[in-house]
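K.L.:
Knowing the structure of chain A, use the given hints to seat chain B on it.
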Amino acid sequence: MQNNKPAIVISNLRKKYNGNDTDTLKGIDLVINQGEFYGILGPNAAGKTTLISIICGLLKINNGQVLIGRQETQETKRNIQAVIGLVPQEIALYPSLTVRENMEYFGQMHAIYGKRLTERIEQLLYQLQLNQHADKRINQCSGGIKRRTNLAAGMIHQPQILILDEPTVGVDAQSRNLIFEYLTELNQEGTTILYTTHYLSEAEELCSLISIIDDGIIVENGTPKSLIGKHKGCNDLGDVFLKITGKALRE
Amino acid sequence: MRKLWYNISKELLILVRDLPGLAILFFMPLLLIIVVTLTQNNAFQSVSGANINILFVDHDKSNMGALIKESLVASEEINLIDQYNNKSLTDSLISVLVAEGKFKAGVIISENTTNEAELKIISGLRKLVEGEEGIEEVVNIEGVQLLFDPVINGVVKISILNAVKMATKGAESGLMTKVLFNQLSEVIVTDDSVSLIILETLQQIEISDIPQQIVEVNDRYSGDSSKTIKPSITQNNVPAFSLFAMFFIVIPLAGSLIAEKNEGTYDRIRTLPVSYLNILMGKTLAYLLVCFMQFMLMVLVGIFVFPALLGLPALEMGDQYLAIFIATIFSALSAIGFGLLVGTYSSTHNQAAMFGAILVVIMAALGGIFMPVYMMPENLKIVSNLSPLRWGIDTYLDIFVRGAGLVYIWKNLLLLLGFFGVSLVIAAKRFG
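Taken in order, these protein sequences are the chains called A and B. The first sequence lines up with residues 1 to 251 when you count with our numbering. The second sequence lines up with residues 1001 to 1432 when you count with our numbering.
Next up, chain B with everything else stripped away, as it sits in the complex:
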């Protein structure tokens, strides 16, 4: 028992004497809890909704359009946008903006929606009241079109879809009441005998006889259908979590730098006629190969194992192979840069492992891997722009879900490469 006590004392003493390590032990989980809770809190609120910007254009310019707009404006979860860069929205502009992910959804109210809906209601009423056979069926027009960003989170998509359907339903009810009153007021005023028949008939009407859907809400993913890959959980998760896993290279890479520092190899290396940049590049290229193989393994699992063994949709690679290759190389370089930084500034392996691993989770949370960035509070959205994982995730989602090519993703690629470059220079300066 005494020995156990001395062992505990020794371990505590070692821990206390590694103050930076101890600080990391307490500070990093604290930071993790704060960041993850902040991001997810907003996401939970969003089930009854974060303030999501949705584009809106009303070609109907009548009751239906106005009622749907009124209802959506009243919704807490949706913020309607009817102008972009001070210009009125068009169908094509909405389609492009949503396809590019600048907005998560767009609502288009088609022309004559109100007129067509009124005709359909009247036709239905006539059928009910007069029991007439052969009254021409009013064909549903494409009343409300709802466009979604292909990379939209499933929960958010359903939330928006429900909100728009509810608004449309509410608008239909309002319109139906109005039409019914108009029709009744016309016949009751003009002819007492007819009005009696109508009243008797109305009393016999069952709820089920009333048309349930007058204006259809048609939702689809925005973008070039020939290019856009069908969104699925696989398309979202395989690239995003591959990137997440890639960043865990921080632990062995930082560990290797720390081992060299602490075991004297670093001093010997500095007496060699080779620049430290060369040594770091050697590490970089070796770990780059590891990251690339790791990514390939994830992709192969997504393509073959998911559908065959797990009943999940298979990963579709699309046709942007060059973009995927370059994005993977640049993302891996960024992950390696992060490893170099952690290895440079940590003094023990434990510090690096703790600090590196938790920081990866925090950067992933900020990058939108657990909850989309657009659902985060505004201040976190700004901070998320500093996360290399955000740049990587955005790049992969653009390629794997939007089918985007190099022209579209180059900005994020530059950020990833820049981060690696800066990290390499810092590490080389600090060590060299």
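With the rest of the complex left out, here is chain A:
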């Protein structure tokens, strides 16, 4: 379902946090086409979460441009909110509400109501195998259920672009597999996916294109296969990652 129409275009993006001596992002250029399953990899403090936050319009930039379709994220925030779905690294749900109530709330905020909302929730509950847990409060759910509900809340409005920040942290193999299957299906239906993870095997398995970001710049990009082939002696993406970013420990 990929096409050559750009979904996200980032040019010369720079970001410096107040109080920091150096830029967190030091001139990022990136084009993600519609229908792409795009992975952003990088060690801790490389700037992945900052990049995602900027794409979602949560952070102001110091320089450069970020376009979602043809919309500038910094100026037309409201317009891009309907297009983007964010699944943050944290379980961004209301702990005392049930799985269903959380989904209802986020759906209502996207102006989805009544039968349409009920149907959408039922569809997501089925797809993410949450039916049995729909009426459980989040603070009584396991890590896997929380993660799947976190994903469902970001998908409730069927966004064209889904941004996932470490969506499988702390879940068991079964839940992880379910999430993979769901995301693959979603991508095949045309949803553009931007995915960050520390699990390199996940990226290798899921992503059609990958950028490796380190110290605020993109140091390498390409398909998983091309990256592995490009670096001699590397058998998988994990080898490539360590070769590019080094073995020194990060923050």
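Everything labelled a hint here was simulated from the structure, so no lab data went into it. Just so it is clear, the structure is predicted and the values come from calculations on it, not from any experiment. Mixed in with the good hints there might be a few duds.
Label-pair restraints from in silico Cβ distances [unchecked claim]:
no. : chain 1 : residue 1 : chain 2 : residue 2 : range
1   : B       : E1100     : A       : R116      : 58 to 64 Å
2   : B       : S1009     : A       : R14       : 39 to 45 Å
3   : A       : R70       : B       : L1031     : 52 to 58 Å
4   : B       : M1293     : A       : R137      : 20 to 26 Å
Distance condition first, Cα-Cα at most 25 Å in a straight line; then the derived DSS-like pairs of lysine-lysine [claimed, not checked]:
no. : chain 1 : residue 1 : chain 2 : residue 2
5   : A       : K16       : B       : K1429
6   : A       : K16       : B       : K1261
7   : A       : K16       : A       : K60
Ideal Cβ placement from N, Cα and C applies to all residues, glycine included.
P.N.:
Chain B in isolation, oriented as in the chain A frame:
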């Protein structure tokens, strides 16, 4: 034991690393002690009195009026005011100013008080000396009228009442001595035989034979008696402490904002096609309902439980229902605004709970919930004007004790609403 030590170390480390939280832990109680002590210190002094301004008008313009005034002026606890806006005081002006709470009390010395008192003393003396039956009794005139603000603190009221009664008694004694000497000098000079009889009679007089009260002090609450609700501890405490309780909404409200900030929900909310102002208004209206129900519960307890189970006076609602409704909504909005501000600027739930709760107590102390504002030192009185609880308490007391309507309380209502508006804008700007 080792494990216990490591647990203690861990907790101390967590505390030390939350420096703002730690600062609040030390700074807020310190501030609380300072403010509460300052307010109450003056109140204790006032049992032998803060400098309370009392209106004074003397229609007697003779000995009694002058002696009472002299005595009151000498009192440390009272500051007599005999002009308002450079105009002489009248009975009606005193009544209005006291009823509106601009002054806590007013003293009116009635016309001919001295003459009537002299007649009464002479009549009493004649009765004692001549033992005459049928001497016409001098009817007590309304010598001294003492008007009180309906919302005056009970201790202060008694303190003022005692001061005025003492001054009146002192003036009576002075007048009695003067009359006695005048009478004696007349008869002793004119007739030796009579003076002997008088002296013999005087020697037989017991203290109890001397009239104990010559000039009456009549005290009452100022204001339209048809409108003014009978002051009572219930009328003062139920609305004032309802407001106090309302402000504790700060803890759950600020907690909810902090939880959203810290648990990632806030980031997700910001990616939703809805303004943060809308989210904040949702919180506001939900908590407004809670505050209103909280107030209603307090009122119902005041009306039914106080008299039935506790032997306390029942809360009287008066007839200003619209004013009560609007004052409650605006006070609750102000409390919610405070919660939004605390939630906006606190980074942990502990910080918000500590900072918010102690600040509520401080604002309540400044607002006059524990000790009336007029008994505070002048600099604290100025600071108290900045406390939303002061605006709310004044509003409720005006309604529940003075029976005031919207026309009278609108200024405080605007302040309460303004505080909410500013808080909402700050929170929306900071988060949005």
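K.L.:
Is it true that the CA of K16 of chain A sits at most 25 Å from the CA of K1261 of chain B?
P.N.:
This hinted pair holds, its Cα atoms lying about 21 Å apart.
K.L.:
Between R70 of chain A and L1031 of chain B, does the beta-carbon spacing fit 52 to 58 Å?
P.N.:
At roughly 55 Å between Cβ atoms, L1031 of chain B and R70 of chain A fall inside 52 to 58 Å, so the hint holds.
K.L.:
Confirm or reject the claim that M1293 of chain B and R137 of chain A have a C-beta distance inside 20 to 26 Å.
P.N.:
24 Å, holds
K.L.:
Quick one: are E1100 of chain B and R116 of chain A within 58 to 64 Å, going by C-beta?
P.N.:
59 Å, holds
K.L.:
With 39 to 45 Å as the target window, see if S1009 of chain B and R14 of chain A comply at their CB atoms.
P.N.:
Because 43 Å falls inside the window, the suggested range holds.
K.L.:
Take the C-alpha atoms of K16 of chain A and K60 of chain A, compute the straight-line distance between them, and say whether it is at most 25 Å.
P.N.:
Holds. K16 of chain A to K60 of chain A sits at ~10 Å (cutoff 25 Å).
K.L.:
Check whether the Cα positions of K16 of chain A and K1429 of chain B lie no farther apart than 25 Å.
P.N.:
21 Å, holds
The structure meets every hint from the earlier list without exception.
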